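There are 2 protein chains.
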Amino acid sequence: MAEAQMGDAVVLVSGGLDSATVLAMAGAAGYRCHTLSFDYGQRHRAELAAAERIAQDMKACSHKVVRLDLGTIGGSALTDESIQVPECSSEGIPITYVPARNTVFLSIALGWAEVLNASAIFIGVNAVDYSGYPDCRPEYIEAFQVLANLATRAGVEGRPLTIKTPLIDLSKSDIIRHGLALGVDYSKTVSCYQANSEGLACGRCDSCRLRRKGFLDLGISDPTLYQHHAG
Amino acid sequence: MAEAQMGDAVVLVSGGLDSATVLAMAGAAGYRCHTLSFDYGQRHRAELAAAERIAQDMKACSHKVVRLDLGTIGGSALTDESIQVPECSSEGIPITYVPARNTVFLSIALGWAEVLNASAIFIGVNAVDYSGYPDCRPEYIEAFQVLANLATRAGVEGRPLTIKTPLIDLSKSDIIRHGLALGVDYSKTVSCYQANSEGLACGRCDSCRLRRKGFLDLGISDPTLYQHHAG
Chain A
1 MAEAQMGDAV VLVSGGLDSA TVLAMAGAAG YRCHTLSFDY GQRHRAELAA AERIAQDMKA
61 CSHKVVRLDL GTIGGSALTD ESIQVPECSS EGIPITYVPA RNTVFLSIAL GWAEVLNASA
121 IFIGVNAVDY SGYPDCRPEY IEAFQVLANL ATRAGVEGRP LTIKTPLIDL SKSDIIRHGL
181 ALGVDYSKTV SCYQANSEGL ACGRCDSCRL RRKGFLDLGI SDPTLYQHHA G
Chain B
232 MAEAQMGDAV VLVSGGLDSA TVLAMAGAAG YRCHTLSFDY GQRHRAELAA AERIAQDMKA
292 CSHKVVRLDL GTIGGSALTD ESIQVPECSS EGIPITYVPA RNTVFLSIAL GWAEVLNASA
352 IFIGVNAVDY SGYPDCRPEY IEAFQVLANL ATRAGVEGRP LTIKTPLIDL SKSDIIRHGL
412 ALGVDYSKTV SCYQANSEGL ACGRCDSCRL RRKGFLDLGI SDPTLYQHHA G
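If you read the sequences in order, they're chains A and B. Residue 20 in my numbering sits at position 20 of the first sequence, with consecutive numbering throughout. One rule links them: number in my numbering = place in the second sequence (from 1) + 231.
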């Protein structure tokens with residue numbers, strides 16, 4: 001998928017719109033991409049199937065799924081079945097926030113990056129739509145990069161690793177525009193927090209609403225596959 | 232296990248000598264201790280049984296085991312069956328180093344700390360005997376603490392979390408001396424990188440050698456249970 005040679009990169013892919021765009025951007029920038037997904041007890045398991053499909057379509061060099069039972073520690077509507085996924089926005093840190101999720105995901109990506117001798121980790125965090133998530137802010141990403149270069153053999157030996165967040169300042173419609181220009185097929189992505197087993201979206205959760213608005217703002221048709229009750 | 236009230240703490244316990252000592256220290260300091268172990272594809276699974284035994288003996292408030300297949304990303308003699316555990320010391324970063332292991336463990340501890348509203352995470356890293364491991368150095372721990380307080384709801388809301396490393400500058404014999412004073416029963420701990428299913432130690436790997444030397448230096452008898460071939 002690459003022309004120039006930028007070395008290897010680990011790309012976190014969730015199966016959603018954002019990370020599919022990041023994967024396309026990393027490939028276009030010339031990285032050899034190794035995609036990483038997590039089976040972390042999330043409700044919307046259709047996203048794991050989407051992640052694998054996207055990795056194959058975009059010709060990732062390799063794709064791994066790491067099992068990790070974050071449900072054991074609880075605390076989020078996305079992993080704890082006793083907490084309901086909300087269908088209206090609220091102030092502050094949302095209940096769909098999974099405790100330390102990006103830190104855990106980046107840490108495991110860091111381990112794989114070390115094994116691969118990769119020079120970058122790509123993650124689709126976004127500080128515009130997810131301002132309520134502490135681990136989507138630029139200062140958090142900068143702190144992780146400092147940590148990464150103290151934590152690893154590569155860092156100690158003077159081969160620094162960069163954490164790449166190409167979406168961090170983009171609106172949802174900007175993300176979609178970039179992805180379409182790079183040929184991303186968004187009908188294959190699943191963003192919904194409570195997609196059904198076929199990957200059909202609810203159309204009502206925060207993630208569905210943000211995604212739908214992105215397509216509306218761009219004035220193009222939304223390829224998302226919704227469950228029948230979505231209005 | 233506590234007199235004073237220091238709040239809740241997550242204590243990483245591996246089943247080994249160091250983390251059992253840390254648990255005793257955290258309890259003596261007045262923390263309500265919640266112990267966390269990882270089933271991460273390590274060869275020496277007897278340590279998980281030891282961790283549970285130690286948590287019970289020391290009356291931890293709760294004990295969790297998080298499954299996590301670090302073997303998927305490979306790269307270490309401790310998780311990759313195609314790499315042999317060495318029986319002599321070597322220069323530089325050892326092959327028993329698991330890529331980004333402490334970062335992954337601390338990240339998951341951070342998630343649980345957030346759910347518990349804990350004020351501290353205790354980890355038994357040691358910069359004396361493990362100088363070859365980048366993620367056992369004080370500057371690494373400081374960077375993780377900075378990250379932790381940017382990553383979390385508690386940090387954002389002004390309730391900082393501290394990463395406690397009471398063993399970081401202690402020799403193995405100092406660690407044992409502190410633990411014995413606090414009543415730790417080291418016969419219940421398993422340190423060996425390749426213990427058998429009954430938890431008997433090989434007596435030859437780096438971890439066994441360090442442990443044995445600690446008891447020798449103190450001039451007290453070593454309660455470790457060895458396999459028959461250990462000299």
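There could be a bad hint or two in this list.
Derived SDA-like pairs: lysine to any residue, alpha-carbon spacing no greater than 25 Å straight-line [what the hints assert, rightly or not]:
id, chain 1, residue 1, chain 2, residue 2
1, B, K419, B, L441
2, A, K64, B, G302
3, B, K444, B, A412
4, A, K188, A, A29
5, B, K290, B, Y417
6, B, K290, A, T72
7, B, K295, A, D39
8, B, K295, B, L413
9, B, K295, A, A29
10, A, K64, A, G30
11, A, K64, B, R276
12, A, K59, B, G302
13, A, K188, A, C61
14, A, K213, A, S173
15, A, K213, A, S187
16, A, K64, B, Y271
17, B, K295, A, R67
18, B, K295, A, K59
19, A, K64, B, V296
20, A, K64, B, A412
21, A, K64, A, K213
22, B, K295, A, G71
23, B, K295, A, C61
Simulated from the structure, these hints should not be mistaken for lab results. Being a predicted model, the structure only gives us computed values, none of them experimental.
A quick look at each hint next to the structure:
1. K419/B with L441/B: Roughly 17 Å separates the two Cα atoms, so the pair holds.
2. K64/A with G302/B: With a Cα-Cα distance of about 11 Å, the restraint between K64/A and G302/B holds, given a limit of 25 Å.
3. K444/B with A412/B: Roughly 19 Å separates the two Cα atoms, so the pair holds.
4. K188/A with A29/A: Within the cut-off at roughly 22 Å; holds.
5. K290/B with Y417/B: holds, 16 Å
6. K290/B with T72/A: The hint holds at about 20 Å.
7. K295/B with D39/A: holds, 19 Å
8. K295/B with L413/B: holds, 23 Å
9. K295/B with A29/A: Judged against 25 Å, a Cα distance of about 42 Å means the pair is violated.
10. K64/A with G30/A: Status holds; Cα separation ~20 Å.
11. K64/A with R276/B: holds, 24 Å
12. K59/A with G302/B: holds, 24 Å
13. K188/A with C61/A: holds, 19 Å
14. K213/A with S173/A: With a Cα-Cα distance of about 8 Å, the restraint between K213/A and S173/A holds, given a limit of 25 Å.
15. K213/A with S187/A: holds, 16 Å
16. K64/A with Y271/B: Within the cut-off at roughly 16 Å; holds.
17. K295/B with R67/A: holds, 16 Å
18. K295/B with K59/A: violated, 38 Å
19. K64/A with V296/B: holds, 23 Å
20. K64/A with A412/B: Violated - the C-alpha atoms of A412/B and K64/A are around 46 Å apart, more than 25 Å.
21. K64/A with K213/A: Violated, at about 31 Å.
22. K295/B with G71/A: Roughly 11 Å between the alpha carbons, so the hint for K295/B and G71/A holds.
23. K295/B with C61/A: Measuring from Cα to Cα gives roughly 36 Å; hence the hint is violated.
Checked against the numbered hints listed earlier, the structure breaks hints 9, 18, 20, 21, 23; every other hint is satisfied.
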